[in-house]
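Chain by chain, the residues run as shown.
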Amino acid sequence: MALTVGLRPLTRALLRPWARVPGAALGRPAAGSGDGVRCFGSPRVLVEPDPAAGVAVMKMRNPPVNSLSLEFLTELLISLEKLENDKTFRGIIITSDCPGIFSAGLDLLEMYGRDPAHCAEYWKAVQELWLRVYLSNLVVIGAINGISPAGGCLLSLSCDYRVLANNPKYAIGLNETLLGIIAPFWFKDVLVNTIGHRAAERALQLGFLFPPSDALQVGIVDQVVPEDQVQSTARSVMAQWLAIPDHARQLTKNLVRKPTADRLLQQRDADIQNFVRFISRDSIQKSLHVYLEKLKQKKG
Amino acid sequence: MALTVGLRPLTRALLRPWARVPGAALGRPAAGSGDGVRCFGSPRVLVEPDPAAGVAVMKMRNPPVNSLSLEFLTELLISLEKLENDKTFRGIIITSDCPGIFSAGLDLLEMYGRDPAHCAEYWKAVQELWLRVYLSNLVVIGAINGISPAGGCLLSLSCDYRVLANNPKYAIGLNETLLGIIAPFWFKDVLVNTIGHRAAERALQLGFLFPPSDALQVGIVDQVVPEDQVQSTARSVMAQWLAIPDHARQLTKNLVRKPTADRLLQQRDADIQNFVRFISRDSIQKSLHVYLEKLKQKKG
Amino acid sequence: MALTVGLRPLTRALLRPWARVPGAALGRPAAGSGDGVRCFGSPRVLVEPDPAAGVAVMKMRNPPVNSLSLEFLTELLISLEKLENDKTFRGIIITSDCPGIFSAGLDLLEMYGRDPAHCAEYWKAVQELWLRVYLSNLVVIGAINGISPAGGCLLSLSCDYRVLANNPKYAIGLNETLLGIIAPFWFKDVLVNTIGHRAAERALQLGFLFPPSDALQVGIVDQVVPEDQVQSTARSVMAQWLAIPDHARQLTKNLVRKPTADRLLQQRDADIQNFVRFISRDSIQKSLHVYLEKLKQKKG
Numbered sequence: 001m002a003l004t005v006g007l008r009p010l011t012r013a014l015l016r017p018w019a020r021v022p023g024a025a026l027g028r029p030a031a032g033s034g035d036g037v038r039c040f041g042s043p044r045v046l047v048e049p050d051p052a053a054g055v056a057v058m059k060m061r062n063p064p065v066n067s068l069s070l071e072f073l074t075e076l077l078i079s080l081e082k083l084e085n086d087k088t089f090r091g092i093i094i095t096s097d098c099p100g101i102f103s104a105g106l107d108l109l110e111m112y113g114r115d116p117a118h119c120a121e122y123w124k125a126v127q128e129l130w131l132r133v134y135l136s137n138l139v140v141i142g143a144i145n146g147i148s149p150a151g152g153c154l155l156s157l158s159c160d161y162r163v164l165a166n167n168p169k170y171a172i173g174l175n176e177t178l179l180g181i182i183a184p185f186w187f188k189d190v191l192v193n194t195i196g197h198r199a200a201e202r203a204l205q206l207g208f209l210f211p212p213s214d215a216l217q218v219g220i221v222d223q224v225v226p227e228d229q230v231q232s233t234a235r236s237v238m239a240q241w242l243a244i245p246d247h248a249r250q251l252t253k254n255l256v257r258k259p260t261a262d263r264l265l266q267q268r269d270a271d272i273q274n275f276v277r278f279i280s281r282d283s284i285q286k287s288l289h290v291y292l293e294k295l296k297q298k299k300g
Numbered sequence: 301m302a303l304t305v306g307l308r309p310l311t312r313a314l315l316r317p318w319a320r321v322p323g324a325a326l327g328r329p330a331a332g333s334g335d336g337v338r339c340f341g342s343p344r345v346l347v348e349p350d351p352a353a354g355v356a357v358m359k360m361r362n363p364p365v366n367s368l369s370l371e372f373l374t375e376l377l378i379s380l381e382k383l384e385n386d387k388t389f390r391g392i393i394i395t396s397d398c399p400g401i402f403s404a405g406l407d408l409l410e411m412y413g414r415d416p417a418h419c420a421e422y423w424k425a426v427q428e429l430w431l432r433v434y435l436s437n438l439v440v441i442g443a444i445n446g447i448s449p450a451g452g453c454l455l456s457l458s459c460d461y462r463v464l465a466n467n468p469k470y471a472i473g474l475n476e477t478l479l480g481i482i483a484p485f486w487f488k489d490v491l492v493n494t495i496g497h498r499a500a501e502r503a504l505q506l507g508f509l510f511p512p513s514d515a516l517q518v519g520i521v522d523q524v525v526p527e528d529q530v531q532s533t534a535r536s537v538m539a540q541w542l543a544i545p546d547h548a549r550q551l552t553k554n555l556v557r558k559p560t561a562d563r564l565l566q567q568r569d570a571d572i573q574n575f576v577r578f579i580s581r582d583s584i585q586k587s588l589h590v591y592l593e594k595l596k597q598k599k600g
Numbered sequence: 601m602a603l604t605v606g607l608r609p610l611t612r613a614l615l616r617p618w619a620r621v622p623g624a625a626l627g628r629p630a631a632g633s634g635d636g637v638r639c640f641g642s643p644r645v646l647v648e649p650d651p652a653a654g655v656a657v658m659k660m661r662n663p664p665v666n667s668l669s670l671e672f673l674t675e676l677l678i679s680l681e682k683l684e685n686d687k688t689f690r691g692i693i694i695t696s697d698c699p700g701i702f703s704a705g706l707d708l709l710e711m712y713g714r715d716p717a718h719c720a721e722y723w724k725a726v727q728e729l730w731l732r733v734y735l736s737n738l739v740v741i742g743a744i745n746g747i748s749p750a751g752g753c754l755l756s757l758s759c760d761y762r763v764l765a766n767n768p769k770y771a772i773g774l775n776e777t778l779l780g781i782i783a784p785f786w787f788k789d790v791l792v793n794t795i796g797h798r799a800a801e802r803a804l805q806l807g808f809l810f811p812p813s814d815a816l817q818v819g820i821v822d823q824v825v826p827e828d829q830v831q832s833t834a835r836s837v838m839a840q841w842l843a844i845p846d847h848a849r850q851l852t853k854n855l856v857r858k859p860t861a862d863r864l865l866q867q868r869d870a871d872i873q874n875f876v877r878f879i880s881r882d883s884i885q886k887s888l889h890v891y892l893e894k895l896k897q898k899k900g
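Protein chains in written order, with my numbering: chain A, 1 to 300; chain B, 301 to 600; chain C, 601 to 900.
There's no promise every hint is true.
[What the hints assert, rightly or not] Straight-line C-alpha distance at most 25 Å; calculated BS3-like pairs for lysine-lysine:
{"id": "1", "chain 1": "B", "residue 1": "LYS469", "chain 2": "B", "residue 2": "LYS558"}
{"id": "2", "chain 1": "A", "residue 1": "LYS188", "chain 2": "B", "residue 2": "LYS596"}
{"id": "3", "chain 1": "A", "residue 1": "LYS124", "chain 2": "A", "residue 2": "LYS298"}
{"id": "4", "chain 1": "C", "residue 1": "LYS788", "chain 2": "A", "residue 2": "LYS188"}
{"id": "5", "chain 1": "A", "residue 1": "LYS258", "chain 2": "C", "residue 2": "LYS659"}
{"id": "6", "chain 1": "C", "residue 1": "LYS724", "chain 2": "C", "residue 2": "LYS858"}
{"id": "7", "chain 1": "B", "residue 1": "LYS598", "chain 2": "B", "residue 2": "LYS586"}
{"id": "8", "chain 1": "C", "residue 1": "LYS898", "chain 2": "B", "residue 2": "LYS488"}
{"id": "9", "chain 1": "C", "residue 1": "LYS769", "chain 2": "C", "residue 2": "LYS886"}
{"id": "10", "chain 1": "B", "residue 1": "LYS424", "chain 2": "B", "residue 2": "LYS598"}
{"id": "11", "chain 1": "A", "residue 1": "LYS169", "chain 2": "A", "residue 2": "LYS258"}
{"id": "12", "chain 1": "B", "residue 1": "LYS359", "chain 2": "B", "residue 2": "LYS469"}
{"id": "13", "chain 1": "A", "residue 1": "LYS258", "chain 2": "C", "residue 2": "LYS898"}
{"id": "14", "chain 1": "A", "residue 1": "LYS169", "chain 2": "A", "residue 2": "LYS286"}
{"id": "15", "chain 1": "B", "residue 1": "LYS469", "chain 2": "B", "residue 2": "LYS424"}
{"id": "16", "chain 1": "B", "residue 1": "LYS424", "chain 2": "A", "residue 2": "LYS286"}
{"id": "17", "chain 1": "C", "residue 1": "LYS659", "chain 2": "C", "residue 2": "LYS724"}
{"id": "18", "chain 1": "A", "residue 1": "LYS298", "chain 2": "A", "residue 2": "LYS286"}
{"id": "19", "chain 1": "A", "residue 1": "LYS188", "chain 2": "B", "residue 2": "LYS387"}
{"id": "20", "chain 1": "C", "residue 1": "LYS858", "chain 2": "B", "residue 2": "LYS488"}
{"id": "21", "chain 1": "A", "residue 1": "LYS258", "chain 2": "B", "residue 2": "LYS558"}
{"id": "22", "chain 1": "C", "residue 1": "LYS886", "chain 2": "A", "residue 2": "LYS87"}
{"id": "23", "chain 1": "B", "residue 1": "LYS558", "chain 2": "C", "residue 2": "LYS858"}
{"id": "24", "chain 1": "B", "residue 1": "LYS586", "chain 2": "C", "residue 2": "LYS687"}
{"id": "25", "chain 1": "A", "residue 1": "LYS298", "chain 2": "A", "residue 2": "LYS169"}
{"id": "26", "chain 1": "C", "residue 1": "LYS724", "chain 2": "C", "residue 2": "LYS898"}
[To be verified] Part of the chain B face toward chain C, derived, beta carbon under 10 Å:
{"id": "27", "residue": "GLU421"}
{"id": "28", "residue": "LEU478"}
{"id": "29", "residue": "GLN505"}
[To be verified] Here are some chain A residues pointing at chain B (derived, C-beta under 8 Å):
{"id": "30", "residue": "ARG198"}
{"id": "31", "residue": "GLY207"}
{"id": "32", "residue": "PRO211"}
{"id": "33", "residue": "ASP214"}
Source of the hints: derived by calculation from the structure; they are not laboratory data. Yeah, the Cβ is synthetic: ideal placement off N, Cα and C, and Gly gets one too.
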């Protein structure tokens, strides 16, 4: 079955068992490699392939806010892995199918009131998504069509290029401190790489969510365009990136990004343990409780 | 006595003996922690506490130019330590009580014609001030109301945010090369962190002192305001920083700044020895002599 | 003979034998150090000394495009070494004597169809040129009067200051990916140092050649001036740099640049082997073949 092709051990481990994504295999099974349109995707990740262009659009659909739950992360990883292993595709565009929100980031319900083993499994999946996107051999363009805080911002920052819709509500940033939590060092590293040390230092401490004009000025996104042109702009930018020979571009991307990824790779387990220890603290669980109650009241 | 509460060994070592700051305990002794207004301060460091806001203003008064002499450094360290150890305070504003000058930086008289032991003690205090300000758990805002060269610039760069008075005479920068001396690696690291590698490389070699408009453009300060609004702006900015939960902000600040501080912490003694060796050279002592003579003639 | 004065072992090794630069000693042999005008230079490197100012202009003349062939690199290294060892000179201006081109960069003919030993010798010379220019005790100003791709850009980036002629044809950048090859890590490091991580990441992958206005904006050059003012501007800038005491400026330059140079110095041989292995691949030789054929057709 197409879904299982090329899955690496880690992704398999994250699924454990497959049944966790029961409806994941919505698409037609592929008859083989290179035979035209393939239907990828899963309940939460719509993949619209354009084999002629070598491009696939990955639409995140985990309503209401594309929270990066363990299941959703797992589906994203599977989709990414399939696209990476399919020679048809040279680039992907990541965008949202949920109106007004790109992704709200990590799912607090995966860390609130959960046992350490679950938190560890979850954090491993978060790490994996970052490493997969940040080091992807594919060109990855973010078509950011909604607000993009915290983990949603990290996902954006891990793309090769970011196009943000010019809607003042669509702020982007690592706003962890506002929730009383801390961005991990690799979130910080990626932000420093993108907007520089000083801007990152200030933005991280103050939990800045940059509206489009500020986002462009500080460099946390590369381009701001009218909302109805986000997808078409992402496609044009993609064409520019695909004009470069894959091999040279991939090696160059690796040259630039590997040292940052290596900092996590060299201490993945310690980073997981740190996360579990931190999130298990009473004070942090309490902060999460307060925040989740506020969210409930907002909805109610 | 309030002054001795919570002093860490290093600061004690720097004082050795206490008598060095004979008039340091000007304030009323505090009756205990959290019991309202405390009077800190020393002859050279005026502390104006605003307990309601959780903010203290530290005014440097070491006329004529707030040279960072060993005594003055020691008083600054004591005041910082006291404020850090007093739960009343969450932020401090560092500013000058000397008209037209924030701080002229290191006191050349502490390195000219002095024996190695004195130079070593002095350098340790310089390191300590930087580490204390740069890693402070308090929010530290610089209200830069005067020229701020060399060590004065370092002090500014170590704050969390810099507000500079818009007076063309109030230049700021690491201008050590103009004196024939070299900024230590950690001065360089902090400048690179703040304005980027290329701008720092050029500014350090040419000993740039940036007037306000250039300072803002290159990013060595965060904001330039009319001279009579420096203090009020610093207070508004402080409110913005204090809106963030302390714990999350402090851990995030540490996440961003610790690696830079660690570079010095891992080689503090070697750095002291380097300084002593460098400053003891005949050629450097001669440069200092020439410069100090020039200063005398200016005054004369 | 003037030419042999002060040559370090490596440069000698690169020459092996001297006969490689048969006409190198065009100038009058110097009668001694400090005795007025000296005539340096070689067939491909014109040196115009201005002893009164302490400045020499080095004009690259390896027509048609100042390709950095092994012979040309060797002559550049000899000229640099002579100027560095002559107390008369405190600064050099590097510029081109070939109309419209600063330098086309590395000479592909030194890596296409060559045996590994030759490729290794060539790469060692490329490394040496970079280290020599990047860490030079002299002030090095680039008067970039023509297009400056790939290795030509690296040479520019290794200067202390870059003045680019305002001609839309005179683009500058590390465009290796366009040729299907990869910039080495130290090219990348120097670009990151100059324009920041994010801009470098994008420029390197897309092989950007920045026209003057973009070059100035991204910071890959420091100044853009009308074409007929490039040399005079370089001279004015030089005066500014020479106003700084040499000793302090040199130590500060070293402080800022040594860590970057050390990354190569710590693995020079491995870097040579990497290059030889990479360039010897069939796929890369094929890419070079295609590119060289295109160049031939253009000329034909």
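Hint by hint, here is what the structure shows:
At most 25 Å may separate the alpha-carbon atoms for a hinted pair to count; B/LYS469 and B/LYS558 exceed this at roughly 34 Å. The straight-line distance between the Cα atoms of A/LYS188 and B/LYS596 is roughly 48 Å, outside the 25 Å bound, and the hint therefore fails. A C-alpha spacing of about 31 Å is found between A/LYS124 and A/LYS298, which places the hinted pair above 25 Å, so the restraint is violated. For the suggested pair C/LYS788 and A/LYS188, the alpha carbons sit about 21 Å apart, so the restraint of at most 25 Å is met.
A hinted pair counts as satisfied when its Cα atoms are at most 25 Å apart, and A/LYS258 with C/LYS659 does not qualify at roughly 39 Å. Taking the CA atoms of C/LYS724 and C/LYS858, the gap is near 19 Å; set against the 25 Å cutoff, the hint holds. Our distance criterion of 25 Å between C-alpha atoms is met by B/LYS598 and B/LYS586, whose separation comes to about 18 Å. Between C/LYS898 and B/LYS488, the direct Cα distance comes to roughly 48 Å. Violation of the 25 Å bound is thereby established for this hinted pair.
Between the alpha carbons of C/LYS769 and C/LYS886 the distance comes to roughly 29 Å, so the proposed pair goes past 25 Å and is violated. Annotation: proposed proximity of B/LYS424 to B/LYS598 is violated, straight-line Cα distance about 31 Å (limit 25 Å). Restraint check: the Cα-Cα separation between A/LYS169 and A/LYS258 comes to about 34 Å, which exceeds 25 Å; the hinted pair is violated. About 20 Å separates the Cα atoms of B/LYS359 and B/LYS469, which keeps this hinted pair within 25 Å; it holds.
A distance of roughly 38 Å separates the Cα atoms of A/LYS258 and C/LYS898; the hinted pair therefore is violated under the 25 Å criterion. Of the pairs offered as hints, the one joining A/LYS169 and A/LYS286 is violated, with about 29 Å between alpha carbons and a cut-off of 25 Å exceeded. For the proposed pair B/LYS469 and B/LYS424, the alpha carbon gap of about 31 Å is over 25 Å, so the pair is violated. For a cut-off of 25 Å, the pair hint linking B/LYS424 to A/LYS286 is broken: about 42 Å separates their Cα positions.
Annotation: proposed proximity of C/LYS659 to C/LYS724 holds, straight-line Cα distance about 23 Å (limit 25 Å). Of the pairs offered as hints, the one joining A/LYS298 and A/LYS286 holds, with about 18 Å between alpha carbons and a cut-off of 25 Å not exceeded. At roughly 29 Å between alpha-carbon atoms, A/LYS188 and B/LYS387 are farther apart than 25 Å, so this suggested pair is violated. Distance hint between C/LYS858 and B/LYS488 is fulfilled; the C-alpha atoms sit about 13 Å from each other, no more than 25 Å.
A C-alpha spacing of about 22 Å is found between A/LYS258 and B/LYS558, which places the hinted pair at or below 25 Å, so the restraint holds. Straight-line distance between C-alpha atoms of C/LYS886 and A/LYS87 comes to about 22 Å, which keeps the hinted pair within the 25 Å bound. With a C-alpha separation of about 22 Å, the suggested pair B/LYS558 and C/LYS858 falls inside the 25 Å cut-off, and the hint holds. At most 25 Å may separate the alpha-carbon atoms for a hinted pair to count; B/LYS586 and C/LYS687 meet this at roughly 22 Å.
With a C-alpha separation of about 17 Å, the suggested pair A/LYS298 and A/LYS169 falls inside the 25 Å cut-off, and the hint holds. For the proposed pair C/LYS724 and C/LYS898, the alpha carbon gap of about 31 Å is over 25 Å, so the pair is violated. The interface hint given for B/GLU421 is broken, as the beta carbon of that residue sits about 24 Å from the closest beta carbon of chain C, more than 10 Å. Among the interface hints, the one on B/LEU478 holds; its C-beta lies about 7 Å from the nearest C-beta in chain C, closer than the 10 Å criterion.
Evaluation of the B/GLN505 hint against chain C yields a held restraint, the C-beta minimum of about 5 Å falling below 10 Å. Proximity of A/ARG198 to chain B holds as hinted, the smallest CB-CB distance being about 5 Å (cut-off 8 Å). Satisfaction of the interface hint for A/GLY207 is found here, the shortest Cβ-Cβ separation to chain B being roughly 6 Å, below the 8 Å cut-off. With its C-beta approaching chain B no nearer than about 16 Å, A/PRO211 sits outside the 8 Å limit, and its interface hint is violated.
Hint on A/ASP214 is violated. Least Cβ distance to chain B is approximately 14 Å, over the 8 Å limit.
The structure fails hints 1, 2, 3, 5, 8, 9, 10, 11, 13, 14, 15, 16, 19, 26, 27, 32 and 33 (numbered hints given earlier, in ascending order).
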